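> Each chain, written out:
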Amino acid sequence: MGKQSIIPFGPQHPVLPEPIHLDLVIEDEKIVEAIPSIGFVHRGLEGLVKKKDFNEMTYVVERTCGICSFMHGMGYCEAVENVMNVEVPDRGKYLRTIWAEMSRIHSHLLWLGLLADAFGFESLFYQCWRMREKVLDLFELTTGGRCIFSVNKIGGVLKDIDAEMLQTMLSVFEEMETELKTIRKTFLFDYTVESRLKGVGVLTKEQAHNLGAAGPFARASGVKIDMRTRGYGAYPDLDFEPITSEIGDSFARCDVRINEIFQAIDLIRQMIGKMPSGEISAVVKGNPNGEYFMRVEQPRGEAIYYVKANGSKFLDRMRVRTPTFANLPGMLETLKGADLADVPLLILTIDPCISCTER
Amino acid sequence: MAKLMSFKNTVLKNLFSKPVTKNYPAEPAVYPKRSRGHIEINIEDCILCGICSMNCPSRAITVDRKAGTWTINRFDCVQCGYCTEKCPKKCLSIVPGYQEPMSMKASATYEKPVEEKKKFPQADTEVCVFCTLCAKKCPQGAITVDRAEKKWELNKDACVSCGLCESNCPKKCISMKEEN
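Read top to bottom, the protein sequences are chains B and X. When the first sequence is numbered by our numbering, its final residue is 359 and no position is left out of the sequence of numbers. When the second sequence is numbered by our numbering, its final residue is 1180 and no position is left out of the sequence of numbers.
Just so you know, not all the hints are guaranteed correct.
Stated by the list, open to error - Restraint-style ranges between C-beta atoms, simulated for each label pair:
id: 1; chain 1: X; residue 1: LYS1156; chain 2: B; residue 2: GLN167; range: 52 to 60 angstroms
id: 2; chain 1: X; residue 1: ASN1155; chain 2: B; residue 2: LYS313; range: 46 to 54 angstroms
id: 3; chain 1: X; residue 1: ALA1108; chain 2: B; residue 2: PHE189; range: 49 to 57 angstroms
Claimed, not checked - With a straight-line Cα cutoff of 20 angstroms, these simulated SDA-like cross-link-like pairs (lysine to any residue) come out:
id: 4; chain 1: X; residue 1: LYS1018; chain 2: B; residue 2: LYS159
id: 5; chain 1: B; residue 1: LYS134; chain 2: X; residue 2: ASN1014
id: 6; chain 1: B; residue 1: LYS134; chain 2: X; residue 2: PRO1028
id: 7; chain 1: B; residue 1: LYS159; chain 2: X; residue 2: PRO1032
id: 8; chain 1: B; residue 1: LYS134; chain 2: X; residue 2: GLY1163
The hints are simulated quantities; they were obtained by calculation from the structure and are not laboratory data. Just so you know, these numbers come straight off a predicted model, no measurement behind them. Glycine included, every Cβ here is placed at the ideal spot set by N, Cα and C.
Model the full structure from these sequences, guided by the hints.
Written out as structure tokens, the structure is:
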């Protein structure tokens, strides 16, 4: 047994867009154990339910994270709508689901870029982010915002997408699909990428299940868990199967996420083809009374929104369980036995969002 | 070989194509119509009811009814657009164009032109069923309804003439009339 030493990693590190600290116990360049500490960006958003009424909270919840902002707002609104027994009109559900899938595309493209950056492929990184920019432009066209959209409200959505915008979306996604197919070749069939990803940070199906992993991180290990199959939003009308891989290494996580982008584009096409007409939001009367657990599939995995209301306009309690929080134990497991040089890459493979985790 | 040169097509394409980035600021940015840049107010239509200020999640708006001013701290505003949703007169709108950076937080104050005559709600007590909905909807609590005594009273000092009582009355017995 070699000499063990501890290397502090983060909270400030070039590969980390957000702060998380790890104490890496190493033995001859191999990680023996990783001890995490979080809490650098806690903002107490959940506590704001005491000061902001349940309608205003929609705008606070959206600001939990800049990447899955829309999904946060959507999850919270659906939780409150379930408490109040409000039925969102079909068009409202479709619009929400289109924006949710667009969020998945831009989040995965952002992650692919960061991954390329982590293994030192700068030009690939810029290719991914260039594509992501097109999705952000579509968001600005349809919602008015590029990162924070503010289109969700209790009862439906605030803005409609007209036929012209839907046509623009179709043509942009067609173009993007072609570009993505080219990029996919580099991610999945290139020696340099393979050498950095294949066999690195393997998490078996049993480990992923036992450690409560969520989202693409769990699906890459063969756990077929996808909250979209639960049937919220417009998903019951759509034809899709969760994308999984049996391998469980970093390469499989990359593969699953790339295929999920294609799947999201396909889902958007299906929704545009079936888009119902009519109202985009329902009239909401009174204050919520009761409690509900809402589970939505964010780009990073399953997010849970717990809402407890007492009949007044201020909620009793609001709690968000984010996918990164669920994936941290899995990430620590993948770090065990890994090379020190692979640590930045392995942290990235769970697609960490620390501001979500700490709220 | 394919595995080594997988990025070649992308590189060649990028070498012989124009940059995707714009030559900003020489070439100005083009924002779509819906772009949430900043809040604009049509102060002439504003009735200074304060509903925007009460509902603003970041508390960026201040309404001073006595002074007749509507103030927004542009640096506190998060462009969520909730005020535009809540405004009963729809005099607030969110338009493209971002706030320019400044060395310190600055507010923009709009002064409402003085009106000659103010409109107040009046209920037709013969049609009124004293359902109290107008009193519940009044943002200032200016209306008192006594169902037992069949009385409908208005506190003119508190009323901001927002017209919410008129639009919410199920019997349509409230109308906005000029003060005599």
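> For every hint, state whether the structure bears it out.
Now the hints, each set against the structure:
no.: 1; hint: X:LYS1156 x B:GLN167: 52 to 60 angstroms; verdict: 54 angstroms, holds
no.: 2; hint: X:ASN1155 x B:LYS313: 46 to 54 angstroms; verdict: 23 angstroms, violated
no.: 3; hint: X:ALA1108 x B:PHE189: 49 to 57 angstroms; verdict: 56 angstroms, holds
no.: 4; hint: X:LYS1018 x B:LYS159; verdict: 35 angstroms, violated
no.: 5; hint: B:LYS134 x X:ASN1014; verdict: 17 angstroms, holds
no.: 6; hint: B:LYS134 x X:PRO1028; verdict: 18 angstroms, holds
no.: 7; hint: B:LYS159 x X:PRO1032; verdict: 14 angstroms, holds
no.: 8; hint: B:LYS134 x X:GLY1163; verdict: 44 angstroms, violated
Violated hints for the displayed structure, listed by number in ascending order: 2, 4, 8.
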